[in-house]
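Trainee: When you get a sec, could you build the whole thing from the sequences and use the hints?
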Amino acid sequence: MFWQMEQETLKRAKLEALQLKRLKQTLKRVYDNVPFYQKAFTRCKVKPVSLKSVKDIEKFPFTTREDLQANYPDGLLACGREDIVRLHTSSGTTGKPKAVFFTKADLDNSANLIARCLVATGCTKHDVLQNMMSYGLFTGGLVMHYGAEKLGMLIIPSAVGNTDRQIMLMQDFGTTTLHLTPSYALYLASHFEAKGINPAKDLKLKRAFMGAEPYTEETRLKLESSMGIEVFNSYGLTEMNGPGVAFECTEKNGMHIWEDNFIVEIVDPATGKQLPDGEYGELVLTTINREGMPIIRYRTRDITAIDPVRCACGRTHVRIKRIHGRADDMFIIRGVNIYPQQIEQVLMSVNGVGKNYQIVLESSEDMTIKVEFAKGYFDGNLDNLNTLRGTLLDRLKAAILVRPKVELAEPGTLPVSEGKSKRVIDNRKVY
Amino acid sequence: MRVKQISIFLENKKGRLLEALKALGREKINIRALSIADTLDFGILRLIVADPDKAKLVLEQSNFTVKENDVIAIAVKDQPGGLADVLSTLSNAGINVEYIYAFADKQENDAVVVLRTEDIDEGIKVLKKANVHMLSAKDIYSL
Ligand SMILES: [Zn+2]
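These protein sequences, in sequence, are chains A and L.
With our numbering, letter number 31 in the first sequence gets 32, and the count goes up by one each step, no holes.
With our numbering, letter number 58 in the second sequence gets 506, and the count goes up by one each step, no holes.
Don't take every hint at face value.
Unchecked claim - Pairs of lysine-lysine, PhoX-like flavour, derived with a Cα cap of 25 Å: (1) K371(A) x K525(L); (2) K376(A) x K525(L); (3) K29(A) x K53(A); (4) K406(A) x K452(L); (5) K376(A) x K452(L).
To be verified - Listed next, the stretches of chain L that the computed footprint assigns to chain A, with coverage defined by at least 3 CB atoms under 8 Å from CB atoms of chain A: (6) 453-459; (7) 489-500.
Stated by the list, open to error - Simulated coverage check for chain A against chain L, where a stretch passes if three residues somewhere in it have a Cβ under 8 Å from a Cβ of chain L: (8) 376-386; (9) 403-412.
Simulated from the structure, these hints should not be mistaken for lab results.
Keep in mind it's a predicted model, so treat the numbers as computed, not measured.
Glycine included, every Cβ here is placed at the ideal spot set by N, Cα and C.
Mentor: If you want it as C-alpha cells, here you go:
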C-alpha cells in the first residue's frame, strides 16, 4: 500500500533527475532570497549554476545548527513573511532556539510525507492514532497530527503525560496506533504491568511510532513483546519538518528517506568529506521541496549510514540505518568518547535486566550505572545477582572500553521521567 | 520435608533491614531464623517465619522484592561432627549445597540447620536414606 505510489516507487533515474531539477531550483531560491546563503556560496566560490549533478552538492557549504541560531528569528526566510502560515521552534540546551517556517504549500507537503510514512506501516483511515507527543512549538505533535488527518485517521490529540488518562483514552476509543517517545513507551509498559493491564488482550493496539530520542533494537523488541504491538522507528528533526523525515516500512529494516524532498549525504564528522554508502558518519540533509525556509546541507549531528539496497516493499527511496548516536549525547570518561546508546544496547541485551537504568557521571574518571533487575528475576540467590552484575561489567567494558561501577536496583525504584528521558545524571564538577 | 523460606533483596541503603523487620513486627509475624548474605552493594535477607505467605504479602506491600522458596531443615545433635557428617553425605552423593545457616532449638538443645541444595527433592532423598532427622514445616514454624 502506498499513499503517493508514483512518487514513492519512482524509477531511480527519474527520481535522480527530479532531485537535480529541485536542487537547482532550491539553490537559486536561497541564493536570490537569503543573504546568509548568498554570502556563504560566495565564500565557497560557488553559484547555483556551478551544480551540474547532484553529486556536485559537495562543493556547497554546510548549514549548522549554530547558523540557524545565529539567524534566529527569521534570517533564513526565502519568501515574504506574509506567505508564512506556521512556525515551529526547537530549543537547544545552549543558546537561542532554532525557528523553522512553513508556507501553506510546505505544510501540505509535510502532511503528505507523513501520510506516506503512516501508510508504509500499514495505517489506513480505519486506524485510530493516539498522538502522545507534545503539541505546540515542538513539531512532534502538530506535524504528525496534520499528516494523520490527511490520511483520514481518527486522531486523539492526547499529548504527553497523565498516563491514567492516556490508558482510558485507549480503552474508550479503541486506539490502534501510538506516536510516542521510547522513554514514555517504557514508562507506559511498566504502568500497564503495575495496573495489571495486558495490552495485547485488553486493548486494540497494533503499532507504535517511536522517535525523537535514540533507542536500541533490544528496547524495540522488549516493547513489542510486552505490549503485543509492532514498533516502527521514525526519525525526524524540526529543521527538516519534524517527524516523518525517515520512517520504517513494514519490512522494519532501516528507515526510508523521501528523496524527492531531501538530498541525503553521509559525511565524516571530522573532515566533512562525503562517505560511501554503507559507512557510518554524520547525516547531512538538504531540503529540495520547500518554499518558506529551504536548508542546504544541514549537519544533523546524527550518526547513521545509507543502505542503498532496494527495499522489498517497492519504495525506491534509500533507507538509513538506525541512528547510531548523537554527537551531543556523547560524554567523555577517562578520555574515551561514550554514547549512552552504547550502554543501553548492552543493558537491554542482557537477560534479567529490567526496564529502567541511570548513568551517573561521577568524575572525569568514574561513572556508575544503576540498573534495575527484571521483575521476577529475583530468586533469592545471591550468586545469580552477582553473576548478572559480572556479566554487565564485562559486556560494558567490552562495548565502551571503560569499566564502570554497576549497581543493581529493585524493579520500579529508579526514576522514570515522562517524556524526554533523563537517563544521564552528570555530577561532574565543571571548572 | 520442605520448609518455606523468605528471601528479601536488600539494597545497600541504611535502614532497609530495619524496615523489613519492623514491617513484620507490626503484623506480629515471629521470626524463627534469620541470615544475611551480602556483597558490597546489596544483600539478601533470609527468614524462616511462622507464617511465610503472610510475611511475603506484608513485605511486598512495603515495596520489598521478595521470593519464597523451599529449603531443608534438619536437626543436628549438639555434638562434635554432627553437621560435618550430614554435609559429607550430601557431598558424596554429588549434591551441591548453595547456602546453609543454623539456629538453636530452645526446647531440644539441638541445632537446627537450614540448607538449600540445588535440587531440593534429590537432597531430601539422600538425607532420608542416611537417616538424617529432617524437620517438617510444622515442626519449624511451631518452634
Ligand atoms: Zn521499504
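Trainee: Now, for every hint given, state plainly whether the structure supports it.
Mentor: Hints versus structure:
no.	hint	in the structure
1	K371(A) x K525(L)	46 Å, violated
2	K376(A) x K525(L)	41 Å, violated
3	K29(A) x K53(A)	13 Å, holds
4	K406(A) x K452(L)	35 Å, violated
5	K376(A) x K452(L)	21 Å, holds
6	453-459	holds (count 4)
7	489-500	holds (count 5)
8	376-386	holds (count 7)
9	403-412	holds (count 5)
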